[in-house]
Amino acid sequence: MTISTHEVEITLDPKVPLVRITREFDASPEKVFRAHTDPELFSQWNGPNGMEMQVERHDCHTGGGYRYGMSRDGEEYWFHGSFHEVRPAELIVQTFTWEGQPDGVALEKLHFEDLGDGRTRLTGTSLVDSFEDRDAFVASGMEVGIREGYERLDELLAR
Amino acid sequence: MAADALSRVFSALADPTRRDMVARLAVADATVNELAEPYDVTLQAVSKHLKVLEDAGLVTRTREAQRRPVHLEAEVFDLMTKWIERYRREAEDRYRRLDDVLRAMPDDDHPTPPQTGANR
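Those sequence lines, one after another, are chains A and B. Using this note's numbering, you'd call the opening residue of the first sequence number 35 and step up by one each time. Using this note's numbering, you'd call the opening residue of the second sequence number 4 and step up by one each time.
Everything labelled a hint here was simulated from the structure, so no lab data went into it. Virtual Cβ for every residue (Gly too), placed ideally from N, Cα, C. One or more of the hints may lead you astray.
Computed cross-link-like contacts, BS3-like style, restricted to lysine-lysine with a CA-CA straight-line distance of at most 25 Å [claimed, not checked]:
(1) A:Lys49 with A:Lys143
(2) B:Lys51 with A:Lys49
(3) B:Lys51 with A:Lys143
(4) B:Lys54 with B:Lys85
(5) A:Lys143 with B:Lys54
Pair ranges (Cβ atoms, derived) [stated by the list, open to error]:
(6) B:Val30 with A:Arg101: 32 to 40 Å
(7) B:Thr34 with A:Trp112: 47 to 55 Å
(8) B:Pro19 with A:Ser164: 17 to 25 Å
All chains should be modelled from the sequences, with the hints used to inform the complete structure.
Structure representation (structure tokens):
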């Protein structure tokens, strides 16, 4: 299913447990790429709103790895992964694990597509182990209100 | 559990025929025959699709009469749409911040000078 606006397009693939996020930027692929590889720049925009981000390491090159933490109201969440393939202004392939569930791992790909005129289309895909994980992953992107959401769904389905 | 319920809703809607059925039921209730009409499939196949939608809680079928019209549970459908919408908004917020970062970056075509170590 695809819910799109002018800005961000989200696709949940029906065949494989994959989420695809597409967005265009008014900047060259080189610039968008650098905002991903430079730890300083990366920490300025990544992560959910209102969360403090702490980058422990961010070695964005083929064979490198990363680890960062997010905190809010004294709660800390840590994530880590490996950079599997990094090609300047073109592609980043990485793994992603939330340390609260260390056996779970997502395979993520980021494509930087040159649209000309200093514009870039960024396509990120995240592939997980199961549809259950994928849907929980999409649902957990919301944090606030998700529990109430589940409870409401339970209520609705129980009727 | 709730996560499974959500998953059932998502996978029920992953199929284009079922999505189409839901879109039509959003306009009005319909019988199985009416639902089957535009598709080049058997009534059995349509019933199978309906069963999936029913198990996900997306549609219900009234017991009354032989017509047994299929009814869309709009609240369940809305709830799921809202979930994706929130996820989308989260991504949107993140990428707006990236827009700001990109605007603040110097306008050069040459890559940043190499940093210490093997960073790039």
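Verification of the hints:
no., hint, in the structure
1, A:Lys49 with A:Lys143, "holds, 17 Å"
2, B:Lys51 with A:Lys49, "holds, 19 Å"
3, B:Lys51 with A:Lys143, "violated, 36 Å"
4, B:Lys54 with B:Lys85, "holds, 24 Å"
5, A:Lys143 with B:Lys54, "violated, 36 Å"
6, B:Val30 with A:Arg101: 32 to 40 Å, "violated, 50 Å"
7, B:Thr34 with A:Trp112: 47 to 55 Å, "holds, 54 Å"
8, B:Pro19 with A:Ser164: 17 to 25 Å, "holds, 22 Å"
The structure fails to meet hints 3, 5 and 6 from the earlier list, while all remaining hints are met.
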